[in-house]
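Going line by line, the protein sequences match chains A and B.
First residue of the first sequence: 1, per this note's numbering; consecutive thereafter.
First residue of the second sequence: 1001, per this note's numbering; consecutive thereafter.
Any given hint could be a false lead.
[Unchecked claim] List time: in silico DSBU-like cross-link candidates among lysine-lysine, alpha-carbon distance up to 30 Å:
(1) B/K1052 x A/K60
(2) B/K1053 x A/K332
(3) B/K1007 x B/K1066
(4) B/K1006 x B/K1034
(5) A/K62 x B/K1113
(6) B/K1006 x B/K1066
(7) B/K1109 x A/K62
(8) A/K60 x B/K1042
(9) A/K60 x B/K1006
(10) B/K1023 x B/K1066
(11) B/K1109 x B/K1133
(12) A/K62 x B/K1074
(13) B/K1169 x A/K332
(14) B/K1052 x B/K1109
(15) B/K1140 x A/K332
(16) B/K1007 x B/K1074
(17) A/K160 x A/K62
(18) B/K1023 x B/K1034
(19) A/K62 x B/K1066
(20) B/K1053 x B/K1140
(21) B/K1023 x B/K1074
(22) A/K60 x B/K1034
Calculated directly from the structure, the hints in this document are not laboratory data.
Bear in mind the structure is a predicted one, so any value in this text is a computation, not a measurement.
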Amino acid sequence: MDKLASLLHTTPAIAWMVAKLVIVFGGVFSLAALWTWVERRGSAMIQDRIGPNRAALFGKIKIIGLAQPLADGIKFFFKEDLVPHDANKALFWLAPFLALVPALMGFAVIPFGRSFMSGGQEYHMALLDPGNGMGLLYPLAIGGMAVYGVLVAAWSSNNKWSILGGMRASAAMVSYEIGMSLAVVTIFMTAGGYDPSEVINAQGHLPWAWNVVRQPLGFIVFFTCMFAETNRLPFDFAEGESEIVAGFNTEYGSMKFSLLALAEYCHLMTASALMATLYFGGWQVPFVQNPAVMLSVLSFLVKMLFFAWVFVWIRWTLPRFRYDQLMHLGWKVMLPLSMANLVFHAWRMSQGH
Amino acid sequence: MGVLVKKVELSWLDRTYVWPVMKGMGITFQHFLKQLFTPTAKRFTIQYPDMKKEMPSGYRGLHELKRFEDGAIKCVACFMCQEACPARCISIEAEEFSDLNITQGFEEKRPAKFSIDMLRCIYCGMCEEACPKDAIWLRKDYEVAAYDRLSMQFGKWDLMNTYTEADGKESISQDPTPSVPRRTIAL
């Protein structure tokens, strides 16, 4: 790292920062693009179909259809970029970025590997170093911003279906945020801090000490709320072909639509990374005390991709909820459950466990 | 008349919603694994240009005009199929021919032109039913498409040669016996 930095005439800290930026945002972005393919192939396999397998590089190299996201991207770039006549043009252009940026930014604080020493300096595997004072409050706050993406997209397109979808989705996201936050607060309480590295260190390397075993109820609540947060299928109220056409992105086309779709998948990646960090020990490798750096990164990646796959899996298993069912579940089930979880763990801590 | 609605009593395990969801996920994952480890040839989906469906027997597709071993057409131009055709897509022009010479006269009949308008044809198989000589058959082939209307007018030789490659027969474009009798010099 020192050599590379001197080669680029910068300090190691800056070189490492740039490398992390490229790795994290490039990685999340390309994983999100890849996940569009995984979703299509996975859903096809679940439904005994085959899915997109014909997209080929240069018309020859068919790698089980892996070129499909590329082909989709190229197609989206060459589509006509329409802005409806009566839309609010500035907000209409801004909305895809408002959706995408929070989805990506939430990842900044999550450590994706063990910190390591090199040349007398410590390097951290997270964009924001531990002890920055924001900790895991940051992705929660940024997750709250994600509502704006959907709502602005819906409102600016000046379309009744869009606004219905956007209002519905933002109501769902806001109401599920409470249950989710309370579940996370329980973790902060037991870990004794809200910095991700503290949360991970408190969980340790033994799988039965991870938060998913200690707080299964909290995990279920958090997991469910993540679906509402990312607008994924059992709770996807932003869209709905049968009632409100394509919902908040009815008026969107071309690369703007593609960005909105990518934002959903980036959000999915961030949500699964959060889940891995909070409940599955982050980069901890099971039964390995001090894992090698690459091993810890691999472990984190496996956990994250597993949850990303669970998102896809759940989507193609469950039917959608009705809106009143969603609100019932959010306010009357998830909120009391996470409160009970919080009170139970507070009581246990007071008993000295 | 009232309708009896059966109320399903859910057990407490089912009412938690978590357990049924896990059962459902088990089912979908079974399907996923089954499909993942099934070789392409055994899947339900027939990947059309690469794989083709075996049509059931009795399927009525593109016509074929049958021929004898020497390449002579079996059709005797009796016009039965043209009469039977409900879509009126068959048109035949008959001619006489013989191996005999001109002084001995003609003795056989065959179509000089036999054309089917594939755009009109409804593939009902009436021509096959009507044919007294089993000269016209409907095959299982279904890929009848072209870029223009003219190519959908199938003539006599198109109909006789459509399946030569598939059946390993020789492609012909001439009747073995000419329509005008050979002039033999009778001294």
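Going down the list of hints, with the structure as the test:
Under the criterion of a C-alpha separation no larger than 30 Å, the hint pairing B/K1052 with A/K60 is consistent with the structure, at around 21 Å. For the given pair, B/K1053 sits about 54 Å from A/K332 by alpha-carbon distance, which is inconsistent with the 30 Å threshold. Taking the CA atoms of B/K1007 and B/K1066, the gap is near 65 Å; set against the 30 Å cutoff, the hint is violated. With a C-alpha separation of about 35 Å, the suggested pairing of B/K1006 with B/K1034 is violated against the 30 Å cut-off.
Distance check on the hinted pair: A/K62 and B/K1113 sit about 48 Å apart at the alpha-carbon level, beyond 30 Å; violated. With a C-alpha separation of about 63 Å, the suggested pair B/K1006 and B/K1066 falls outside the 30 Å cut-off, and the hint is violated. A distance of roughly 56 Å separates the Cα atoms of B/K1109 and A/K62; the hinted pair therefore is violated under the 30 Å criterion. Pair hint A/K60 plus B/K1042 holds up; C-alpha atoms about 24 Å apart against a cutoff of 30 Å.
At most 30 Å may separate the alpha-carbon atoms for a hinted pair to count; A/K60 and B/K1006 exceed this at roughly 57 Å. A hinted pair counts as satisfied when its Cα atoms are at most 30 Å apart, and B/K1023 with B/K1066 does not qualify at roughly 59 Å. Distance hint between B/K1109 and B/K1133 is fulfilled; the C-alpha atoms sit about 13 Å from each other, no more than 30 Å. For the given pair, A/K62 sits about 48 Å from B/K1074 by alpha-carbon distance, which is inconsistent with the 30 Å threshold.
Distance check on the hinted pair: B/K1169 and A/K332 sit about 77 Å apart at the alpha-carbon level, beyond 30 Å; violated. Straight-line distance between C-alpha atoms of B/K1052 and B/K1109 comes to about 39 Å, which puts the hinted pair past the 30 Å bound. With a CA separation close to 62 Å, the supplied pair B/K1140 and A/K332 exceeds the 30 Å bound. Simply put, B/K1007 and B/K1074 have alpha-carbon atoms about 69 Å apart, too far for the 30 Å limit, and the pair is violated.
Simply put, A/K160 and A/K62 have alpha-carbon atoms about 42 Å apart, too far for the 30 Å limit, and the pair is violated. For a cut-off of 30 Å, the pair hint linking B/K1023 to B/K1034 stands: about 17 Å separates their Cα positions. Distance hint between A/K62 and B/K1066 is unfulfilled; the C-alpha atoms sit about 42 Å from each other, more than 30 Å. For the hint pairing B/K1053 with B/K1140, the CA-to-CA distance comes to about 10 Å; that is within 30 Å, so the pair holds.
The hinted pair formed by B/K1023 and B/K1074 fails the criterion: a straight-line CA distance of about 64 Å is larger than 30 Å. Proposed proximity of A/K60 and B/K1034 is supported: the alpha carbons are some 28 Å apart, at most 30 Å.
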